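Can you build the whole structure from these sequences, using the hints too?
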Amino acid sequence: MSDPIRVLVYGGIGSEACQTYRLALHIERLAAAGVLIEPWTPRLVHPDSYTGRWWDAVRDGVAAASLDALNDADVVLFSRWSNTRPACTECDADCGTPDGLALHKRETGHASLDVDPLLRLVAAGLLANPALRSKCAVVYDLDDDLFSQPSWIGRGAGLARELELVQLFIRTADLVTVATPTLARRLAPLSDHVRVVRNAVEPALYQSFPAGTAPVDRESASPPETRIVFYGTDVRRRDYAVCRGAVDQVAADGAAGGKPVRRIWLGSDSPSVRALVDEAHPYLGSVAAFAAELAATRPDIGLASLEQSQFAQAKSELHWLELSMVGAATVASRLDGDEGPYSMIRHGIDGMLVRGVEEWRSALMGLAASGALRDEIAGRARERVLAEYQVRDRATEWAAAYRWAAAHPGIGISRFHR
7 MSDPIRVLVY GGIGSEACQT YRLALHIERL AAAGVLIEPW TPRLVHPDSY TGRWWDAVRD
67 GVAAASLDAL NDADVVLFSR WSNTRPACTE CDADCGTPDG LALHKRETGH ASLDVDPLLR
127 LVAAGLLANP ALRSKCAVVY DLDDDLFSQP SWIGRGAGLA RELELVQLFI RTADLVTVAT
187 PTLARRLAPL SDHVRVVRNA VEPALYQSFP AGTAPVDRES ASPPETRIVF YGTDVRRRDY
247 AVCRGAVDQV AADGAAGGKP VRRIWLGSDS PSVRALVDEA HPYLGSVAAF AAELAATRPD
307 IGLASLEQSQ FAQAKSELHW LELSMVGAAT VASRLDGDEG PYSMIRHGID GMLVRGVEEW
367 RSALMGLAAS GALRDEIAGR ARERVLAEYQ VRDRATEWAA AYRWAAAHPG IGISRFHR
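For what it's worth, the numbering used here labels the leading residue of the sequence shown as 7, then goes sequentially.
Hints in this document: simulated from the structure, not taken from any laboratory.
Any given hint might turn out to be false.
[Claimed, not checked] Computed beta-carbon distance windows for the label pairs: (1) N77 / G20: 23 to 33 Å; (2) R49 / G385: 44 to 54 Å; (3) E365 / K265: 14 to 24 Å; (4) P277 / S368: 24 to 34 Å; (5) A166 / A413: 28 to 38 Å; (6) R167 / P45: 22 to 32 Å; (7) E170 / K265: 50 to 60 Å; (8) S157 / R361: 21 to 31 Å; (9) G20 / A166: 18 to 28 Å; (10) L109 / P277: 18 to 28 Å; (11) S55 / P187: 46 to 56 Å; (12) E170 / E34: 30 to 40 Å.
The structure displayed is predicted, hence computed values, not measured ones.
We put the CB at the ideal spot given by N, CA and C, even for glycine.
Shown next as structure tokens:
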């Protein structure tokens, strides 16, 4: 095995879903490959006169982030974006201080990102220290096109304030990793080194069932109704609207014909969502808990609908992967053009790829009417996911990416200063 390399993860390794799929699921296998992943939160440094007033030091421009830990690391990893100002990322209110933002969140219930006072200081320190950059490589990971994110996704005001920092990291990173070829092509003008590492699933997570039950034969265990599952937070109502008419028609026809259809939403039980479906479950922040819940629903049909947009085209195929792992036949949006998150689906073989109301209705009607067709498509999809999208295989790609970066420290900053 090659010499071990040490990768420090800025901000720590949390349970947030995107970081779990892109990093946490791979940590043990990376360690076995000699890539050691460790959390890193830099220390804030400021003059003694600012003791007890750390935010004043940041605001007055006299604070810095200690980068000493990077001297003993091979790679430092950054991902997605942070809210670096004390303003609400939901409503754009300027709250003045981190404490002011916390008060605003309590009073309004807004789900704003908290303030990250360190990231801009870290970025400035890395730009000003080419000697350090020549020893410790910077990797920046993205799984969404942040430059095309529609306002209805939420936090748009906060993201708009941070895009110049996002662009700076892309331009100066030694390696940028992304989840899809579409996103790689879009970022290519900003970086010479963009590498696609697709998302993957850990099969063991999708074999969980509620307490007191166990996996049994699908035919004997299936409830009398056809179960159609969609998942996402409340804002995904825009995406659900793409297929809602067809889903409701299938449910109405099933009820009239004595073959009930149950519409299930995972990820929100808001009043707006409950009005759309027969059963709604609240958001679960843990990927493992969500995977167990998804398996427990025993879905027959999974919905992977997306509203047409540049942002949607750059998303990954993760919903198809997860729905396939729990035995659902997936019906997914075919977006305009030749590419999209579900373009790898082989229509009619391991999923259904549709566009427009009539195609949605036809696909759902056919699947609802035939358990044999559902099982055939779901079975082929699961076989393909297990063959091509397992964490055990993707970890090898991540290890190669980190090792490449460790062997090329400083190329991003050199290009930036040319």
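Hint by hint, here is what the structure shows:
In this structure the hint that N77 and G20 lie 23 to 33 Å apart at CB holds, the actual value being about 25 Å. Between R49 and G385 the Cβ separation comes to about 53 Å, which falls inside the hinted range of 44 to 54 Å. Between E365 and K265 the beta carbons are some 22 Å apart, a value that agrees with the proposed interval 14 to 24 Å. At roughly 31 Å, the beta carbons of P277 and S368 sit within the given window of 24 to 34 Å.
Here the CB-CB span from A166 to A413 is close to 36 Å, well matched to the stated 28 to 38 Å. Range check, R167 to P45: about 26 Å between beta-carbon atoms, so the 22 to 32 Å window is met. For E170 and K265, the hinted distance range of 50 to 60 Å is satisfied, since their beta carbons lie about 55 Å from each other. Between S157 and R361 the beta carbons are some 24 Å apart, a value that agrees with the proposed interval 21 to 31 Å.
Between G20 and A166 the CB atoms are about 24 Å apart, so this pair conforms to the stated range of 18 to 28 Å. The hinted range of 18 to 28 Å is satisfied by L109 and P277, whose Cβ atoms lie roughly 27 Å apart. The given range of 46 to 56 Å is respected by S55 and P187, whose C-beta atoms sit roughly 52 Å from each other. As the Cβ distance of E170 to E34 is approximately 36 Å, the hint placing it in 30 to 40 Å holds.
Every hint, counting from the list given before, is met by this structure.
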